[in-house]
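All chains, please: the whole structure from these sequences, using the hints.
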Amino acid sequence: MKTKYCKHLVFCVLASLFVAISSNLAMAQMSVEGVVTDSVTAAPISGVTVTLQGTSTSAQTDGQGRFTINASTGDILVFSYVGYLRKAVTLTGSSLAVQLTPGSEVLEEVVVVSYGTQKKRELTGAVVQVDATQLRDMPVANVGQKLQGRMAGVQINHNSGTPGSEMSFRIRGAASIGAGNQPLIVIDGFPSASGLQTLSPDEIESISVLKDASAAALYGSRAANGVLLVTTKQAKDGQQHLELSVNMGMQQVPQRGRPDLMNAEEFAQFKKEYYEDAARYEGYTGGVPEVYADPSRYAGNYGTDWFDVLLRDAMNQNYNISYSSGTTKLKSVFNVNLNKQNGVILNTSDRRITARTNNIYNVSDRLTLGLNLEFSNGYNNGVSGLDNGRNIIQLAYLMDPTLSYRNEDGTYPVSFSQPGMFANPNWYLVVTERIRKARANRFLANSYVEFELLEGLKAKTSFNVNTDNGNLRAFNPSIAQGGLGSAPPQLATGRYESSGFVTWMSENTLTYQRSFNNDHNIDVLGGYTVQKYSRENSYIDGREFADDDIPWISAAITRIGNVEAADWSLLSYYGRLNYNYRGKYLASFAFRSDGSSKFGQNTRFGNFPSASLGWVLSEEPFIQNIRQINLLKLRLSYGKVGNNNIGDYTYLAAVNSNDYVFGNQVTPGKSLNGIGNSFLTWETTEGYDIGLDLELFNNRLSFTYDYYWKKTDGLLYAIDIPIQSGFSSITSNVGRFDFWGHEFTIGSRNLVGEFQWTTDFNISFDRNLVKKLGTSDAPIGGYNLYWDDNRTAVGHPIGLFYGYINTGVYMTQEEFETQPHSSTSMVGTARFKDISGPDGVPDGIIDSYDRTFIGNPNPTFAYGMVNTFSYKNFDLSIVLAGTVGNDIADDAFQSTENLDGVFNVRKGVAGRWRSEENPGDGIYPRTRSGTTEDFRNFTTRQVFDGSYIAAKNITLGYSFSPKLSYLRSIRIYLSAQNAFIITNYPGLNPEAGINGLNGLNQGRDFVGYPVPRVFSAGLHIGF
Amino acid sequence: MKRIAYITVSVLTLSACSNDFLDLVPPTSLSSASFYQNAEQFDQATVAAYTNLRGIAFMGIFMDEMRSDNTFFTRYAADRGSFVSAEAYPEFRDNSLTSQSPNSPGNRYGNAYEGISKVNTILSRLENANLSAEEKDKVTGEALFLRAFYYYDLVQHFGGVPLQLKEIVVAEEAFIPRSTAEEVYAQIITDLNAAIPLLPIASTFPQSGRATRGAAKMLLAYAYLSKPTKEYEKATAELLDITQMNYGLMDDYADVFDPVHKNNKESIFEVQYKQGNEGQHSDFIWRFIPKATNPDFILGVNGTNARGGLTSGGWNVPTQEMIDSYETGDERLAKSIAVAEGSVDNNDVMTITGVKSPVNYRPTPGVGYQYFIRKYLHPPYQVEFNTDNNWPVFRYAGALLLLAESLVAQGKATEALPYINQVRKRANLGELSTVTALDVANEMRHELAFENHRWTDLIRTGMAIEAIQAKGERLKALYGWLLPNTFDISEDKFIYAIPARELQINTNLTQNHGY
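First to last, the sequence lines map onto chains P and Y. Each step along the first sequence adds one to the number in my numbering, with nothing skipped, and position 207 is 207. Convert by adding 10000 to the 1-based position in the second sequence; the result is the number in my numbering.
Hints are computed from structural coordinates only; laboratory data are not their basis. Each statement offered as a hint is correct.
For lysine-lysine, the following DSSO-like pairs were computed, each having C-alpha atoms within a straight-line distance of at most 30 angstroms:
#1 P:Lys272 with Y:Lys10476
#2 P:Lys833 with Y:Lys10493
#3 P:Lys458 with P:Lys119
#4 P:Lys772 with Y:Lys10166
#5 Y:Lys10136 with Y:Lys10265
#6 P:Lys833 with P:Lys771
#7 Y:Lys10356 with Y:Lys10335
#8 P:Lys458 with P:Lys584
#9 Y:Lys10227 with Y:Lys10493
The model shown is predicted, which means the values in this text are computed figures rather than measured ones.
Given below as structure tokens:
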């Protein structure tokens, strides 16, 4: 392997030698001047790139839309600018006026791809790009929220409304079992580790998503889940802008979807009847407890809405200042952003300050230096145990509504213990008194030196660093300690954590671009990259605090801590050849070889090839005659990519401490934590893509279609193995998933002229099938009765819901006696469908053999639609997104339909079975002790259609055209984020997910932090 | 410029060339590649193989003691959640899901196999290790004893189980089918006969707590008496050997369980614990006292055991019949059991106001009471759920009674008398002049009460069905909430269900009859 590293040395020495060679072919040309304006508003457009076709000569328009370029008569000048249709003009004189037509789906755009940019017209892979101009004015802190609904095949979910939380992404249904399905995030060419939350959306110029294997293959072993290329803003030549923007919003939790639980009177009535039935059927003699004996005393009084107690209307604010200046020698951007979001749950907030400067120094015609620096400081205030799961939010709303969280004298009770219910803390105090403060300082730097060795041949070496250092302080005071069944006061606990990582990457590339006779165009890339990542985490737990006075672990009598460290390294070689013949026949070949420390010695290097072809039919004579067709292109690609997210040393069986006591002394013991696997390697995803791009009617209508098929093989995951091995799983490369799908994107400029209307619509149909799992095809998940809802099994789509089919209630003794029942069934208890038995046929007994597939969390299709309207100075945009055909499992039902009288319950419980004379509505069974568990196990009652359509954002803006020379623009707008959701799903958030968009556990709503609706107003001033 | 580029590139490259950039090992822990090299590491591996004994001690509370006629539990009305699978054992409602549920003691199956896997790895790696014969013998003796112990636990509770005897290097090796109970017993006997000559005889007290020859012989005797075809003579011989070792009864029954006297001369084998921050503590007594708002009344430190689930009190509660079954004057009653008095709320959570002796206890009118095990009560404790008590596995008193049982079964009741009377004498009971199998069983019930022996003793002595049916009738009369189909005992219920997960993953396995 050492020879491999050292090849690089030779390569670089050669590259350095090229530096010595130089040539300069200057030609005498005339100076051409011109001005570029908007064809609709006639306003000058600044920042338009003017290129002399077939050369690298280019210029940009200034603030007045003017440009100067050296060219000769007969040359073709190409004008391009984001948001406008590209235009080519043949030069006839020394000055010209050009009008550009606005348009959002412009095929002539340049698209950011792996290691560079490419004309969209010449793309052969499946790449979709969204530019910042399309994303303005949305009052969100994470750019992921802005991307929802905009890209076919890119599913982005808002699983949790926790301030500062990341979104989950899933590209083309990507699913891995053990290795995650989040795409690789590359910021300015650097696969950094801090995530999108580090960046302020205001710094972002564009986001490209590489969807197919051919487009992503240059990211090799990390590209299987797709790649997100984030490009930050750079200054434009000849421009000088100062921009200020302010946004303020108010967040609220919508009423729709809140748990439909009993009020005080209803609950007291339920509890009263519970005890009456216990007396009648179970020989209970304790009588109805006094607090429930007379429900009418709560009449007309809703009681405490424990969900509402935790909520508040919360502000969010965003301030951004940016200054950019572009001269021929230096292009520089400076951006400072402050984002503050208070959470809609008490005592939660997130604040982020980011400062970024991007600089490009043109030292000479041949030498360019670049430096991007970003510093980001985050401060997150949260509450331990708030999000997803049977946590504070759920435990609070399961409380007895007859209780009050605040005493009449304004003090707060510390705990509650109602008859037949868990002793509980006062959740209001838990949320408001717990401390959990996390601070993070993140630093991201990209630097490079680019030298043009010969015309078209460039050497670039870059060095990138990303560090992230954080600490977390948590303290649970004695009055806010405890949880379900363990009421405070209890001893306070505290924790102090610190964590940090550094990752650096050194990258060296050579590129060669050349056009031969204007017919043969080639673009070659070769490169070598090393990346290393190291992290260290430590914590100290403090226990036995004397009191709550000092909320730091320094006050704890006992402090126990630990430290952990890990690292990984990656060493890669790659190359790419793009070729096109007259822009008509396109071909691209790419290859990457990755060596990773994460895998066994036997399987350390992996190769990831790809090839793609394109044919621009509209350049062919037989299509050129059809005037309606502006572009018709066919694409075909094949590629192979990998996924290496399996932990750092998984191939090794680690030796863990496993101490015991001998002679009354702790004696060190050690044992293996698993079965090692020296053949462990990446999982590979291999697939092809067939695509079609079509532009019609003078580019008024655009259409893109892709069909993809891919298989993920050698799935990395912890295969369930018999516990008789001593271990429950082994991480291995066994398993195969197949994926395929259709994606359609339609862009239409419905109305042009004074009143403009554009519609962008995308829809994707993603399918998957499990082909193989582990050594014995043992299914994954669905083994336990509670909260183990998904089962991934061979021959089925990934992560189906697996449980019992609820068929109602045994209404009469006769029904009970004549129908299959379980070991705890009796008349009045829940009834289930007898699916099977130990011999594979229904056996009249309801037991674990009767669980079956009861729902599919994979959508039939997902879609998004963006409509923008503008009239004079007004503009309006509406972003809709949704899915159809997916099921959601509402894990809250396990608790809100608990009939043991221990929690508040859904209103429907009032209609339960009480006797054969009073059998209720046949939905809810009796409360007989010992029989209720079957009903709340995972059944069809907890599975719902999750189809929805949501208005992600509606923004109405007005732009002033100021008459002041120093004031370029003023824009004000009103915006509604998550304006409405239309769905039959009874829960709050149809995008909820206990584990993000993880295919194995998808579609499970387990009381996440609510996602608020946000109304905001903003102001943007440009100087 | 050229120079700078050259230097930059070279520096970056050389750093990659100068060390093996991709060979990274965990900086904060050892890995399998560097372990199992020397005697010290083999000893550390052996130490780790003992830790699964703790799981067995804990699970035995639910699966060996509460399933028997000795104890039941106090039902907590406020939590009917997933831990009811622990309630399923004493109510005989358990199935293949309860025996796998992560919150229940049912993962006993996996716990024993985890211990077996540690032992198998030790034995497989030892073959090629560079250790002296003496060092190898020491490791082998302890390892074989532990493997026999874990297989004995499995065969008693699950019947014939798969016999895994080598370190598993590839997953396929873990898919073997079940062996018969006879085959498992044969392996246990083979392992113990190999271990016995390698193990030391306990000679100084307190002992360290490691496996000894006495412990191996005791286990071997149990195996001979529990296997489908019992071998009384062989069991008797092993037990007689134990009487020739250095063991003896402690003078005071209560001292046997006192942490001050850990690993005393009466101890043949016990599970070791130590209170403190190292994670080596026990917490049994916190689960045995009533769920209370003020556990400090009994334990000296407050904490919350008044909640649902296994981390609460109210488990392993002696039944009234158990208390009534003690002979008059048996000192062990007051030393094994106590009564907590106080107010009891709707959820059966107590506020304790007094602790009394169960001897001739008459409830105070208007005051609630609950029995609890006091054998393991040695307050004051410093931290909640953190105690110093070891768990007894084999005691010399138990060896004497097992010897008596074996002799009586062979028709040698007279020979059994001195052994049983030795135990009775310490309990301040009169000597017997004749002894029956029932006498021995009753003596064993009280001597080894709450030490997780009663359920398997009932099965071994053929008294289980009768005892459980009687217990069921008594409890159903007392508790209306018990479902009609509880305590439905048959011979099928002598062993537990193989966990459902295992049957689904290893399709070579078959379920026990009746599940």
